[in-house]
Amino acid sequence: MARALITVPKAPRRGEEIEIRVLIAHPMETGHRVDATGRRVPRSLIRRFTCHYDGELVLAAELHPAVAANPYFAFYTIARDSGTLTFVWQGDDGFARTESVRIDVT
Amino acid sequence: MSRRTRGACRGTRALPTGRRGDAVAIVASVIAGCAAALVFSGARADTSGPGTAAVSAAAPEVSAGVRRSGLEDLQPATRAMQLDDGQNPGMLWVIEGESAWARRPDPAAPSCADCHDDARRTMRGVAARYPAFDAGLARPVDLGQRIDLCRTRHQGTAPFGPETAPRLQLEAFVAHQSRGLPIAPPDDARLAEFRARGALQYRTRMGQLDLACADCHDRNAGRRLGGSLIPQGHPTGYPIYRLEWQAAGSLQRRLRGCLTGVRAQPHAYDAVEAVELQLHLMRRAAGMPIETPAVRP
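In order, the protein sequence lines correspond to chains F and L. Under the working numbering, the first residue of the first sequence is numbered 12, with each subsequent residue one higher. Under the working numbering, the first residue of the second sequence is numbered 43, with each subsequent residue one higher.
What the hints contain is simulated information worked out from the structure, not anything from laboratory work. These figures come from a predicted structure and were not determined experimentally. Cβ atoms here follow ideal geometry from the backbone N, Cα and C, with glycine treated the same way. Heads up, some of the hints might be wrong.
[As the list claims (entries may be wrong)] Per label pair, the in silico range of CB-to-CB distance:
| # | chain 1 | residue 1 | chain 2 | residue 2 | range |
| --- | --- | --- | --- | --- | --- |
| 1 | F | Pro20 | L | Asp160 | 21 to 29 Å |
| 2 | F | Ala71 | L | Asp229 | 56 to 64 Å |
| 3 | L | Ser141 | F | Ala71 | 27 to 35 Å |
| 4 | F | Asp92 | L | Gly198 | 47 to 55 Å |
| 5 | F | Ala15 | L | Thr246 | 44 to 52 Å |
| 6 | F | Arg59 | L | Ala177 | 51 to 59 Å |
| 7 | L | Arg146 | F | Pro38 | 22 to 30 Å |
| 8 | L | Arg166 | F | Pro38 | 25 to 33 Å |
| 9 | L | Ala207 | F | Arg32 | 22 to 30 Å |
| 10 | F | Gly42 | L | Arg162 | 34 to 42 Å |
| 11 | L | Glu114 | F | Pro38 | 24 to 32 Å |
| 12 | L | Asp156 | F | Arg54 | 38 to 46 Å |
| 13 | L | Ser141 | F | Asp103 | 19 to 27 Å |
| 14 | L | Gly198 | F | Phe86 | 42 to 50 Å |
[Stated by the list, open to error] Short derived list, chain F residues pointing at chain L, Cβ under 7 Å:
| # | residue |
| --- | --- |
| 15 | Ala36 |
| 16 | Ala80 |
| 17 | Asn81 |
Take the sequences, apply the hints, and build the full model.
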């Protein structure tokens, strides 16, 4: 299960400060826990999250074991031109997910 | 508590304390349970006379006027998390259930939507009246069990099984269609005996700590146990996203947690006793709005 919920204003005014909110389904398993049989649960973390606005980096974050499951980010940028916001999550075991959202600046 | 508070950058939900293993959670609940025994040992002397060993003396049931959903007592950050679909992690289960609704388990079998059409219309209010009586089994079933019965009877596939991700996702999606509607337990005479047994179970002391549900959730609701508020225990938002679980879970899982906390034998998943207790809880919460997916600490 690796669904993402992305909330962005669809038609902001030019120059407006917009809030971008993203939530992704991910267990963020630390690798420090053991299961009921005593075996260590292998680490499975999202290591890096980035957001690009038409190719320009808006936010980059490194994630660590203390981050809870289903990580949520909320951050701001300025709506300059109509374009595409691209979100990329990368993690252990080749976890990679990309989502794009189009915004039309009026 | 810091684990419910967003970081200054409004970034990720950092929950170091929520990441404890089940063993630690059990220890914590046992400690909490021991505290309960101490707290209640004084109170019990005044409320229960001789000869009331098994069933708690008739506790005043939380009356309609003062009933509170756990939502009202959440910390502001957790409350905001539930009320905003963009950050409510339970919505991840709902949207996954939405795509499962339209998906055929195999090309020959019908999808949920093939029979039930648009869930927004056909599933509205369904969660508000479950558990419901199943004529085939001659006993009541909850919403998750109904989904598995649909799997075997109409889709001709294996049931998902209790507490599995796909069953929780579909249950969350179906229950979400009733959000805002009042809980409306059906007036089905066949449910009466099961509901009565659930009510008895609610008042019966159990486990090594010798506590009934009513001891905490009627008599001492609103007070604190090990730093946590004792809720009235209304099942308004199941499946819930629980920060301690770091995942969504069913009412059955929550009840098993309570039973383990008083050191009683938890119900087996999908056992009739678990459904009986749910029947009583839903009647007790009748009229309160459904919140699915709720977020709780």
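Outcome of the hint check:
Against the hinted window of 21 to 29 Å, the Cβ-Cβ separation of Pro20/F and Asp160/L comes to about 28 Å, which satisfies the hint. Between Ala71/F and Asp229/L, the C-beta spacing of about 58 Å keeps the proposed range 56 to 64 Å intact. A C-beta distance of roughly 30 Å is found between Ser141/L and Ala71/F, which places it inside the suggested range of 27 to 35 Å. Checking the proposed 47 to 55 Å range against Asp92/F and Gly198/L shows it holds: the Cβ atoms sit about 53 Å from each other.
For Ala15/F and Thr246/L, the hinted distance range of 44 to 52 Å is satisfied, since their beta carbons lie about 45 Å from each other. Checked against the given bound of 51 to 59 Å, the beta carbons of Arg59/F and Ala177/L, roughly 54 Å apart, stay inside it. Restraint check, Arg146/L to Pro38/F: a C-beta distance of roughly 27 Å satisfies the suggested window 22 to 30 Å. Under the hint 25 to 33 Å, the C-beta atoms of Arg166/L and Pro38/F, about 32 Å apart, fit the expected range.
Distance hint check: the CB atoms of Ala207/L and Arg32/F are about 24 Å apart, consistent with the given range 22 to 30 Å. Between Gly42/F and Arg162/L the CB atoms are about 41 Å apart, so this pair conforms to the stated range of 34 to 42 Å. Taking 24 to 32 Å as the suggested C-beta distance range, the pair Glu114/L and Pro38/F conforms, at roughly 30 Å. As the Cβ distance of Asp156/L to Arg54/F is approximately 41 Å, the hint placing it in 38 to 46 Å holds.
The given range of 19 to 27 Å is respected by Ser141/L and Asp103/F, whose C-beta atoms sit roughly 25 Å from each other. Between Gly198/L and Phe86/F the C-beta distance comes to about 47 Å, which sits within the given range of 42 to 50 Å. Against a cut-off of 7 Å between C-beta atoms, the interface hint on Ala36/F holds, since the closest Cβ of chain L lies about 4 Å away. A distance limit of 7 Å between C-beta atoms decides the matter here; for Ala80/F the minimum to chain L is near 4 Å, and the interface restraint holds.
Nearest Cβ of chain L to the Cβ of Asn81/F: about 4 Å, under the 7 Å cut. The hint holds.
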